[in-house]
Amino acid sequence: MSDSRLLPLLFLCFFSLFAVTANAQPTADDAALEQRLNRLSQELRCLQCQNQTLADSPAGLAEDLRREIRAQMKAGKSDKEIIAFLTERYGQFILYRPRVTGVTYLLWFGPFALLLGGLTLLFRYIKQRRDSISEQPLTAEDRRRAEEMLAPSGKETA
Amino acid sequence: MLRYLVPLGLFLVLVVFLAIGLGRDPHVIPSALINKAAPTFRLPQLKDPAKTFSAEDMRGKVWILNVWASWCVACRDEHPWLFEYARSGAVPIYGLNYKDQREDALAWLGELGDPYVLSAVDLDGRVAIDYGVYGAPESYVIDQNGTIRLKHVGPLTPDIWSQKVLPLVQDLNRQGVTK
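Chains X and L are the protein sequences, given in the same order.
Residue numbers are given in our numbering: position 114 of the first sequence equals residue 114, and the series is strictly consecutive.
Residue numbers are given in our numbering: position 47 of the second sequence equals residue 205, and the series is strictly consecutive.
Source of the hints: derived by calculation from the structure; they are not laboratory data.
One thing to keep in mind: the hints can contain errors.
Here are the simulated lysine-lysine pairs, DSS-like style, with alpha carbons at most 27 Å apart [as the list claims (entries may be wrong)]:
| # | chain 1 | residue 1 | chain 2 | residue 2 |
| --- | --- | --- | --- | --- |
| 1 | X | 77 | L | 194 |
| 2 | L | 257 | L | 205 |
| 3 | L | 194 | X | 80 |
| 4 | L | 194 | L | 257 |
| 5 | L | 257 | X | 77 |
| 6 | L | 257 | X | 74 |
| 7 | L | 205 | L | 219 |
| 8 | L | 257 | L | 209 |
| 9 | L | 194 | L | 322 |
| 10 | L | 219 | L | 322 |
| 11 | L | 219 | L | 209 |
| 12 | L | 219 | L | 194 |
Could you build the full structure based on these sequences and the hints that come with them?
Next up, the structure:
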């Protein structure tokens with residue numbers, strides 16, 4: 001890469017550092033709390049942009065919920081209590097990993113049941129196929145023809 | 159014959175599942191608050207900030223809490239219908255002005271008219287979190303005991319109104335207060 005192209009790149013790298021610091025600015029004493037908030041909100045779904053976690057979403061509601069979680073953490077609530085608070089209001093949908101309950105059995109174990117079923121069918125099919133193909137020993141004539149075909153053409157076999 | 163019918167059958171099952179999946183709106187999340195007590199709040203009123211409004215004030219009445227904001231596009235669609243519902247006198251409609259600027263909200267009501275008995279101001283969206291709001295407009299039907307009986311996400315269209323909301327409201331009013 002030539003110098004003229006490298007320079008703007010370095011420029012970008014340099015300034016992107018500011019972008020990072022401008023975004024997240026946890027003060028020293030609540031750094032631990034921010035980390036805990038971040039860890040918890042990775043587990044939670046943003047309800048506005050549903051395929052994003054609460055930690056990643058820039059939506060207004062996600063911001064509000066993060067603020068709410070932060071406030072509850074400061075008030076000494078445990079992660080479990082906070083999750084209970086949120087699921088009471090938004091249902092299990094807010095959890096990226098829904099709890100294992102009667103309703104979610106199919107969700108959690110369905111794929112494994114499907115896999116097991118598929119494997120069973122596959123093995124049965126293979127076994128059936130193997131049974132249906134009976135072995136036929138070669139006759140002397142077959143053997144002679146095979147050797148003729150395998151022999152290098154125009155030369156004697158060793 | 160069976161070896162063709164089985165895959166065909168499985169395929170049809172798949173088609174049915176996919177068709178149902180396509181027909182569902184993924185943005186409609188079933189509310190966890192149905193048949194639970196409506197969260198309490200006390201918030202300043204939009205038109206008269208000196209006064210407050212609380213869900214407790216509505217004890218003994220069937221009412222609708224409608225979450226709206228001036229920045230909410232779908233609320234604008236819903237607005238003219240709310241007038242009709244309010245005019246019918248079937249049930250009082252109260253507004254929850256969600257994360258709005260007071261001036262914007264007042265200007266919006268000034269421009270389009272005010273179908274609400276009154277609107278409470280939820281400036282930081284804290285009460286909306288208690289109600290599990292994740293987008294405006296949302297409407298709650300709350301019964302005489304302060305229990306949430308219905309939640310509707312999105313505009314209250316005439317269809318929803320006549321098929322779900324109105325029958326429920328009439329039913330609740332007929333039953334009266336049951337303690």
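A quick look at each hint next to the structure:
For the hint pairing residue 77(X) with residue 194(L), the CA-to-CA distance comes to about 23 Å; that is within 27 Å, so the pair holds. Note on residue 257(L) and residue 205(L): the hinted pairing holds, with a Cα-Cα distance of about 16 Å set against a maximum of 27 Å. For the proposed pair residue 194(L) and residue 80(X), the alpha carbon gap of about 21 Å is at most 27 Å, so the pair holds. With a C-alpha separation of about 24 Å, the suggested pair residue 194(L) and residue 257(L) falls inside the 27 Å cut-off, and the hint holds.
Under the criterion of a C-alpha separation no larger than 27 Å, the hint pairing residue 257(L) with residue 77(X) is consistent with the structure, at around 26 Å. Simply put, residue 257(L) and residue 74(X) have alpha-carbon atoms about 24 Å apart, close enough for the 27 Å limit, and the pair holds. Note on residue 205(L) and residue 219(L): the hinted pairing holds, with a Cα-Cα distance of about 22 Å set against a maximum of 27 Å. At most 27 Å may separate the alpha-carbon atoms for a hinted pair to count; residue 257(L) and residue 209(L) meet this at roughly 19 Å.
Proposed proximity of residue 194(L) and residue 322(L) is supported: the alpha carbons are some 19 Å apart, at most 27 Å. With a C-alpha separation of about 18 Å, the suggested pair residue 219(L) and residue 322(L) falls inside the 27 Å cut-off, and the hint holds. Of the supplied pair hints, the one linking residue 219(L) and residue 209(L) holds, its CA atoms being roughly 20 Å apart against a limit of 27 Å. For the suggested pair residue 219(L) and residue 194(L), the alpha carbons sit about 16 Å apart, so the restraint of at most 27 Å is met.
The earlier numbered hints are all upheld by this structure, with none contradicted.
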